[in-house]
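Dock chain B against the given chain A, drawing on the hints supplied.
Those protein sequences? They're chains A and B, same order as listed.
Taking our numbering as reference, the numbering of the first sequence is continuous, increasing by one, and the terminal residue is 142.
Taking our numbering as reference, the numbering of the second sequence is continuous, increasing by one, and the terminal residue is 1509.
What you were told as hints is all true, and nothing was included just to trick you.
A few chain B residues that don't get close to chain A, going by computed Cβ distances all over 10 Å:
#, residue
1, Leu1048
2, Leu1415
3, Leu1422
One-sided excerpt, in silico: chain B residues whose CB lies under 10 Å from chain A:
#, residue
4, Phe1133
5, Met1163
6, Leu1170
7, Gly1188
Worth flagging that the hints you see were computed from the coordinates, not collected in a lab.
What you are looking at is a predicted structure, and each value in this text was computed from that prediction instead of being measured.
Idealized CB from N, CA, C, for every residue including glycine.
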Amino acid sequence: MNSVDVTMALVVGGLFTAGFHLMLQRSLMRIVFGFILLGHGTNLLLLVVGGSPGRPPVVQGEGTAPTADPLPQAMALTAIVITFGLTVFLVALAYRSWRLSGHDEVRDDLEDRRIGTARERAGNDPGPEHGAVDGTTDGADR
Amino acid sequence: MTGVLPALPVLLPVLGAGLTLFPLSHAVVRALSTGVLTLVLACEAALLVLADTRGPQALHVGGWPAPLGVTLVADRLSALLLTVSTLVALAVLVFAIGQGTAEDRTPSVVVFHPAFLLLITGVSLAFLSGDLFNLFVAFEVMLAASYVLITLDADENRTRAGMTYTIVSLTSSLLFLSLIALVYAATGTVTLAQLGPRLAELPDGLRGAFALLLLTVLGIKTAVIPLHFWLPDSYPTAPAPITAVFAALLTKVGVYALLRTQTLLFPRTDVWTLLACAAIITMIVGILGAIAQDDLNRLLSFTLVSHIGFMLFGLALFDARGLTGSILYVIHHIVVQAALFLAAGLVVGRTGTAALHRMAGRWPPGVLVIALFAVPAMSLSGIPPFSGFVAKLALLEAGVAQGGPVAYALAAAALLTSLLTLYAMTRVWTVAFTARVAGHREEPPPEPDTPAARPSGTRFMFAAAAGMTVAGIAIAVCAGPLAELGERAAEDLLHPRDYRSAVLGEGDR
Chain A
1 MNSVDVTMAL VVGGLFTAGF HLMLQRSLMR IVFGFILLGH GTNLLLLVVG GSPGRPPVVQ
61 GEGTAPTADP LPQAMALTAI VITFGLTVFL VALAYRSWRL SGHDEVRDDL EDRRIGTARE
121 RAGNDPGPEH GAVDGTTDGA DR
Chain B
1001 MTGVLPALPV LLPVLGAGLT LFPLSHAVVR ALSTGVLTLV LACEAALLVL ADTRGPQALH
1061 VGGWPAPLGV TLVADRLSAL LLTVSTLVAL AVLVFAIGQG TAEDRTPSVV VFHPAFLLLI
1121 TGVSLAFLSG DLFNLFVAFE VMLAASYVLI TLDADENRTR AGMTYTIVSL TSSLLFLSLI
1181 ALVYAATGTV TLAQLGPRLA ELPDGLRGAF ALLLLTVLGI KTAVIPLHFW LPDSYPTAPA
1241 PITAVFAALL TKVGVYALLR TQTLLFPRTD VWTLLACAAI ITMIVGILGA IAQDDLNRLL
1301 SFTLVSHIGF MLFGLALFDA RGLTGSILYV IHHIVVQAAL FLAAGLVVGR TGTAALHRMA
1361 GRWPPGVLVI ALFAVPAMSL SGIPPFSGFV AKLALLEAGV AQGGPVAYAL AAAALLTSLL
1421 TLYAMTRVWT VAFTARVAGH REEPPPEPDT PAARPSGTRF MFAAAAGMTV AGIAIAVCAG
1481 PLAELGERAA EDLLHPRDYR SAVLGEGDR
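So here's chain A without its partners, still in its complex pose:
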């Protein structure tokens, strides 16, 4: 295995950092972008591990220069198809979520919110809770 190209290592690291940062945001669109960046980073990593570039790995009978390793390229190709397909699905899901709820924020966790409101209820009456799953919100304290 040859030494690693520093530029590529930095690019992959940068894509991972930006991707994870975006994934931790509240907006669904940013999460989708985060996934896209992470996917690119991973695919690039797959290409980098193939070692140094060389001739196309096609058997032609002439030339003794080292050929590139075809296996990581095949894997990267498969991974690109998969990440592309799932990105499209994710965008569609984010769109449906936006259509249904009118915003693309990820709301608080149901459980978490219920614990929060249960604590508040000691003092005052809670407001109407929207988006509750069938009868589960008012079950905890009965």
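Then chain B, alone, in the frame of chain A:
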């Protein structure tokens, strides 16, 4: 003919999925998908017999030899899990057809059957995969189908839950892909059979990092606490049959991948303390979460998380007895958890609510439904005549035989969790089924959210749930032969010589 047998569990469902996309009548599609699954089940039973009598069956797809091409391997463990999972999938399919989930409201698009068959394709491919990258592809096929199923016909809540599920799964998949890239960079291969010896040559630190990353990735997929948070959030929102098949199969594929990769790639001779701690926390925290729930489906989801800990118990011990216990527990749990979720589907369909406190005083769900819920519930808690007892006994014996503080801690946690499971199930019983609320308004149940079940469909639903319950009892009845088969599979895992020679050919190790 026997040469292509390992390919059929993957090929048949994917071809079936393609066929069901054509605009056919509902009856034809139903017959097609149940027929395909029955055929697959027959193939897998044959595969199990072959793998048990003649050793691991390997198929090099396209004639490419092992390190280059895609290799499908069926040894005892994969064939056994294939058979059980397809059996459960068939029962769930019958239930879904009966309930009407399978028929979409818009007749032009038929989504359920192709997605369901693709899910089975992914599950089969994961059980048969001979290399890491193929395992990743199998996970993606399976998860992509599950994303579709969990957001099928979804309202706002289910879309939100589906989003959580999708994003968490995708993140773990990308981490898995990064791991594959790094492993390839370090060893130059992704074939499982070759990786073991090559990873052993790496420095300890690098090897440990790979093992940890793999544990994290598969830990997310199997919902090991503290990586479990997505599961109780997303599973209960889906319709009963979809939740049942997810609970039965998806996490178990992760457990299988853990069993396969950790024994083959990172073999060890001592107890794995880290995994043992994860197993203990998973068991205890999971079941405490279940006790706190008021929603029947959420309660069952938390017990699912909790009982993943039992499967890790055996792997953490890392000896033949422990692995036997894990294998038995996976088989028992696939069947019983599916039975429980199907029975819960019947209960919710009958009472119109999943909230336990609201079931009290409603129409009682009927003796048959209660029996269909009670038998798997007792089996899950490990009451003696049922399958859970057999699996738990095997694990506890393994723990005691191993000795040592970690093994005893595991055994104690397992016992405590079994007791608490019994408590959680009894709570469902007393709060929902037998409680009579004084002065409670005796209202007729509202129409359930799921498409109204046809009278003939209800019979299918009962038949499927009863079939699963009977299968659970059958596991207990056949405990002897099954345990012997499990022992042989565990020996295969610990001594993978046959596996390696089947994949790589003789003399090339």
